[in-house]
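Construct the complete structure from the given sequences, taking the supplied hints into account.
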Amino acid sequence: MLAGTYNMLTEQGSTLYRVLSLEYPDLVGDPSGETYLPWDLDGYTARMQVRRLIEDVNYMIEITTENGGIDIEPLGEAGRINLLMTAAQTAALDSDGVYDLEIIDTGSTGTVSKVIKGTFTLVPEVTR
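So the sequence shown is residues 1 to 128, counted in the working numbering.
I should point out that these hints are in silico values taken from the structure, not numbers from a laboratory.
Remember, predicted model here, so these are calculated numbers, not experimental data.
For glycine and all other residues, C-beta sits at the position ideal for the given N, C-alpha and C.
Some hints could be false.
Here are the simulated distance ranges between beta carbons [unchecked claim]:
1. E73 with D96: 23 to 31 angstroms
2. D56 with L27: 37 to 45 angstroms
3. D26 with T111: 39 to 47 angstroms
4. T15 with D105: 24 to 32 angstroms
5. D42 with R18: 41 to 49 angstroms
6. Y59 with T15: 14 to 22 angstroms
7. G43 with R128: 36 to 44 angstroms
8. L2 with T109: 34 to 42 angstroms
9. A88 with L27: 40 to 48 angstroms
10. N67 with S108: 48 to 56 angstroms
11. A87 with V28: 28 to 36 angstroms
12. A91 with V19: 21 to 29 angstroms
Take a look at the structure:
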């Protein structure tokens with residue numbers, strides 16, 4: 001799977017909330033590839049890191065399913081991934097960067113898939 005690109009705009013000092021729905025083409029039911037089905041994310045975890053530069057050793061922020069920054073909703077909710085950064089977390093950021101989001105199949109395969117990536121643009125906060 002190739003990751004999609006979404007250039008994220010984030011306001012410093014404000015809560016960041018984004019919802020992603022992962023889908024795949026239903027090539028069995030619709031060989032034209034125009035119909036999509038929700039990805040069953042049951043048994044998956046996820047992680048997202050923001051770094052100033054891809055080459056940087058340290059990240060500026062990391063959100064995961066383990067630290068509460070990412071919530072994965074199973075198939076019944078159309079394979080949704082909810083991303084959350086608190087106002088305090090975005091207030092602590094001090095520059096633009098790059099990010100990607102990976103999902104991890106915690107089953108026997110342990111497969112890691114990058115689903116989205118892009119720039120992370122920080123709009124500075126005026127009111128503090």
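Right, here's what the structure says about each hint:
A hinted range of 23 to 31 angstroms for the beta carbons of E73 and D96 is consistent with their spacing of about 29 angstroms. Evaluation of the 37 to 45 angstroms hint for D56 and L27 yields a pass: the beta carbon distance comes to about 39 angstroms. Our hint of 39 to 47 angstroms for D26 and T111 is violated, since their Cβ atoms are close to 21 angstroms apart. For the pair T15 and D105, the supplied restraint of 24 to 32 angstroms holds, since their beta-carbon distance comes to about 29 angstroms.
In this structure the supplied range 41 to 49 angstroms is violated for D42 paired with R18, their Cβ-Cβ distance being about 21 angstroms. Between Y59 and T15, the C-beta spacing of about 20 angstroms keeps the proposed range 14 to 22 angstroms intact. Here the CB-CB span from G43 to R128 is close to 42 angstroms, well matched to the stated 36 to 44 angstroms. One distance hint, 34 to 42 angstroms for the beta-carbon pair L2 and T109, is violated here, with the actual separation near 19 angstroms.
At about 44 angstroms, the beta-carbon gap between A88 and L27 stays in the expected band of 40 to 48 angstroms. Between N67 and S108 the Cβ separation comes to about 25 angstroms, which falls outside the hinted range of 48 to 56 angstroms. A hinted range of 28 to 36 angstroms is violated for the C-beta pair A87 and V28, which are about 45 angstroms apart. Range check, A91 to V19: Cβ separation about 22 angstroms, and the 21 to 29 angstroms hint holds.
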